[in-house]
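From first to last, the protein sequence lines are chains H and L. In this note's numbering, each residue carries its 1-based index in the first sequence increased by 2. In this note's numbering, each residue carries its 1-based index in the second sequence increased by 2.
Some hints could be false.
One copy or any two copies: either way a pair holds, since identical chains are not told apart in the list.
Said to hold, decoys possible - In the DMTMM-like style, the derived pairs of lysine to aspartate or glutamate whose C-alpha atoms are separated by at most 20 Å in a straight line are: (1) 255 <-> 64; (2) 38 <-> 76; (3) 255 <-> 68; (4) 34 <-> 154; (5) 38 <-> 64; (6) 122 <-> 96; (7) 255 <-> 234; (8) 255 <-> 236; (9) 26 <-> 85.
Keep in mind the hints are simulated off the structure, nothing from the lab.
2 protein chains.
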Amino acid sequence: MSPSRPSGDAPRGYIIPIGGAEEKIHDPAILKRFAKLCGGREARIAIIPTASLASDTGRRYESLFDDLGVAHAEALPLESRNDCEQPEALEALEQATGVFLTGGNQLRLATHLGGTPIAKAIRLMNAAGVHVAGTSAGAAFLSEHMIAFGEEGASPRAGSVTLSPGLGLTNRVVIDQHFRQRDRLGRLLTALAYNPFAVGLGLDEDTAAFIGPDETIEILGSGAVTIVDPSEIEFSSMDQATRDEPVCLLGVKLHILIRGAAFNLHTRVASPGTVATTKG
Amino acid sequence: MSPSRPSGDAPRGYIIPIGGAEEKIHDPAILKRFAKLCGGREARIAIIPTASLASDTGRRYESLFDDLGVAHAEALPLESRNDCEQPEALEALEQATGVFLTGGNQLRLATHLGGTPIAKAIRLMNAAGVHVAGTSAGAAFLSEHMIAFGEEGASPRAGSVTLSPGLGLTNRVVIDQHFRQRDRLGRLLTALAYNPFAVGLGLDEDTAAFIGPDETIEILGSGAVTIVDPSEIEFSSMDQATRDEPVCLLGVKLHILIRGAAFNLHTRVASPGTVATTKG
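Can you make the complete structure from the sequences, with help from the hints?
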């Protein structure tokens, strides 16, 4: 389940994890940018509310995207693996120019969608240029390696996080959400310490990382995205630590990005972007 | 109020911030190491319980150090600035080979001891080789720049931390305690972002940083010490951020040290120390 390769010359679509609790009414900057990327008035957005147990989550996002002028926003009622096998659902999905996964529990997404034609279609569509956003649980699910659940705390502990295969749109990042609000640096560091090839994205609420086809991440929203780059780690005791023991990690790099700043997943270079020029 | 210079050729004493809630009964490794440094059975430890509002805090530590075989452990009843002006208190303090500051509220330490002969004496004694430890509030107070109070949260926000002058044994570190337990990375990053010359020490509970006279920090205890090295920060938006806004910080270095690992404040080099050899 490695990331789908772009088909032909079309660049892949944006991958857009959102930290949860995105502003929906007064200044819905994140949802607006997503809708615009997907074609604005011409956009067709497929909403996947599977993570949520609330029955009106899909309808709520339909009406939010309606309010933003999107021509066609439709929630797909994917409540079981069987639902994800139905040709009608697949047909509705495949007309979309954008896919939006709501919040809830990421394990509901993984257990219901994982390995079904719906999951495969989203991967192929993203590779072919369709943009895929997810908020909270929907954000966690986007990457190949998903944080299923874990403990709170600022420092890493062996066993404090449980990983699961995710949707797999990219394997370059491990995503955590509600980052500032729920004290999750320790579990993100623990996840990265297993194998420091990926970059950690700690997304505050109402904050999104727009991961472009060129692997540049741009930040939007009112909070911060904490980039945890473990590629220069000089020492890790993860292989020796027993359960609940603290983990020694030397040489982690941290960037805190706010709206306007950028990070390139390929070069691992952070840039203040417009933060340096638009303020002061 | 810059750090006191060592007098003559004597190396300064250890500076030992402890993250609070250190183990006192079953395996009091931190208190034991401190007592040993101060002379073991020959040690004379002056306990300063000023941070605490509980009336038995001083007596409690007297009895803990007694149990560890320390010949003489005495709590100094410094409950007001006037108490800190009394010659008898100063005389009792100056016989000590080690000074221990208990937990409580670090602003009680700063407001009661700051600028008094007692504070001055501790600085001179440390410079002349006397070891000074502090737990929780007592740890925060040790450095020149003290975190007086602040907000929880993993990412930095302008105004989320309030600094105050501390005891000033060193200006090389800014100390935060209960680090893993109280979600304090954001406020520590905010404190360092004001002026990235100092190194941040985020101390988990039951974990101590023994800062030796050669500026090498060794870790003891059951948790981790998160070293936040801001010296390579490439960009900060701190000067432009308005209150409660997230702060953009690019290029922060993070080391998570556990028992046996070390960090040199002078060279800024982290080392796994005995972690690499004693485990596995």
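Against the structure, the hints:
no.: 1; hint: 255 <-> 64; verdict: neither (39 Å within a copy, 43 Å between copies)
no.: 2; hint: 38 <-> 76; verdict: within (16 Å within a copy, 70 Å between copies)
no.: 3; hint: 255 <-> 68; verdict: neither (41 Å within a copy, 44 Å between copies)
no.: 4; hint: 34 <-> 154; verdict: neither (32 Å within a copy, 30 Å between copies)
no.: 5; hint: 38 <-> 64; verdict: within (15 Å within a copy, 68 Å between copies)
no.: 6; hint: 122 <-> 96; verdict: within (11 Å within a copy, 74 Å between copies)
no.: 7; hint: 255 <-> 234; verdict: both (7 Å within a copy, 10 Å between copies)
no.: 8; hint: 255 <-> 236; verdict: both (11 Å within a copy, 12 Å between copies)
no.: 9; hint: 26 <-> 85; verdict: neither (28 Å within a copy, 58 Å between copies)
Going through the hint list in order, the structure does not satisfy hints 1, 3, 4 and 9.
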